[in-house]
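Which chain is which? The protein sequence lines are L and U, in order. Sequential numbering from 1 applies to the first sequence in the working numbering. Sequential numbering from 1 applies to the second sequence in the working numbering.
Any given hint could be a false lead.
Here are the computed lysine-lysine pairs in the DSBU-like style, where the Cα-Cα straight-line distance is at most 30 Å [what the hints assert, rightly or not]:
| # | chain 1 | residue 1 | chain 2 | residue 2 |
| --- | --- | --- | --- | --- |
| 1 | U | Lys91 | L | Lys72 |
| 2 | L | Lys204 | L | Lys17 |
| 3 | L | Lys21 | L | Lys204 |
| 4 | L | Lys72 | L | Lys17 |
| 5 | L | Lys72 | L | Lys213 |
| 6 | U | Lys91 | L | Lys204 |
The hints are simulated quantities; they were obtained by calculation from the structure and are not laboratory data.
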Amino acid sequence: MAADEKSPDRLYQEFVKGIWKENPIFVQVLGMCPMLAVTNTAINALAMGAATAFVLIGSSFLVSLLRKFVPKEVRISTYIVIIATFVTAADFLLQATVPDIHRELGAFISLIVVNCLILGRQEAFASRNSVGYAVVDAVGMGIGFALALFMLGSAREIVGFGSFFGMPLFGPNYEPWVVMILPPGGFLMLGMILLVMNWFQQRKSRSREMMEKAA
Amino acid sequence: MMDLVWIFFGAALVNNFTLSYFLGLCPFFGVSSRLDVAVRLGLASTFVMLIASTGAWFLNSYVLVSAPYLRLISFIVVIASTVQFVEMVVKKASPALFQALGIFLPLITTNCAILGVALFQTNRGYGLAEGLVFAFGAGVGFTLALSLMAGMREEVELSDIPSVVRGTALNLLIAGVLSLAFMGFAGLFSGM
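Let's have the full structure, built from the sequences with the hints guiding it.
This is how it looks when you write it as structure tokens:
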């Protein structure tokens with residue numbers, strides 16, 4: 001890789017794209033399996049997001065470091081084993097530090113292994129770029145993922161329980177929307193968020209067209 | 001015997017893997033645009049689930065007793081090799097299906113539902129027979145959800161829908177309604 005490409009500008013770009021422009025959940029719609037199941041409260045969502053980000057950063061670092069030594073034929077299996085190692089570490093880490101949350105998340109921590117987002121990043125980015133970029137990309141994607149999870153978790157907790165991080169928000173007369181805590185709520189809430197994002201996107205492109213026409 | 005029936009219906013309907021545990025969502029949204037492909041992918045996944053369940057039981061009772069921290073890694077290796085095997089068989093037996101499934105065949109490896117079967121079965125302490133019934137139920141439930149979704153999407157494709165909703169947003173809303181409907185099954189066994 002040429003030296004001039006290692007500019008801070010590109011580093012910044014790789015970092016920011018994961019958070020907004022290529023947000024893993026809202027734009028790429030990857031890694032949904034574990035995300036919908038655990039986002040019924042903000043704190044669970046945050047723990048899950050942090051664990052996933054940890055695994056993503058660790059495995060991106062290792063995959064990028066080993067990218068010249070791994071034969072092409074067995075790369076997917078190698079990535080999976082690397083990811084599984086980090087997930088095992090994250091699992092034990094959560095169990096030791098926050099046992100309550102670990103119990104609530106249950107098997108979904110282990111299921112981070114099969115999060116398409118993580119394998120996708122290894123295949124599409126970490127295995128083709130140097131360590132610095134791979135880590136920056138992973139940090140960006142990890143933050144984007146955790147942020148999206150946190151948004152969804154907060155939204156579901158606020159309407160579903162009428163609370164935020166366990167603190168009641170609306171007083172005793174609030175009738176909680178129980179459906180938002182239940183599985184269908186996950187689908188519905190994410191659907192609605194995507195709907196709003198689509199709407200903004202369309203409005204933006206329409207106004208750009210108008211501008212171009214006027215000019 | 002009654003236990004096995006419970007396990008089967010529990011996995012297939014009441015706690016449907018896709019619609020109430022959110023497992024296997026990637027193929028659920030990715031491959032559900034045509035009904036026949038969806039059904040076949042469901043069957044292939046069911047087959048892998050059965051093998052993964054047997055493998056997980058074997059590993060749990062003979063190998064992992066002395067090294068439980070290797071569970072995740074060994075499970076995923078078993079699943080990955082099974083998928084490789086299924087891929088070769090499908091390629092040989094039905095090249096057309098192989099074409100239709102495309103990238104989603106190797107991606108069965110990262111189908112959470114399959115690892116989910118192995119993990120849930122371990123957490124609940126199922127034996128071999130219970131595990132197999134559980135895996136079969138989960139597979140049937142997954143196939144059911146996938147084909148229902150595909151059927152609806154084929155209908156929706158031809159109807160007049162505002163462009164804002166088209167795509168993933170609408171699929172998610174459909175899945176939400178479907179999941180709501182499946183919650184009705186929760187009352188199925190409460191009377192017994």
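Hint numbers not upheld by this structure, sorted from lowest to highest: Failing hints, ascending: 5, 6.
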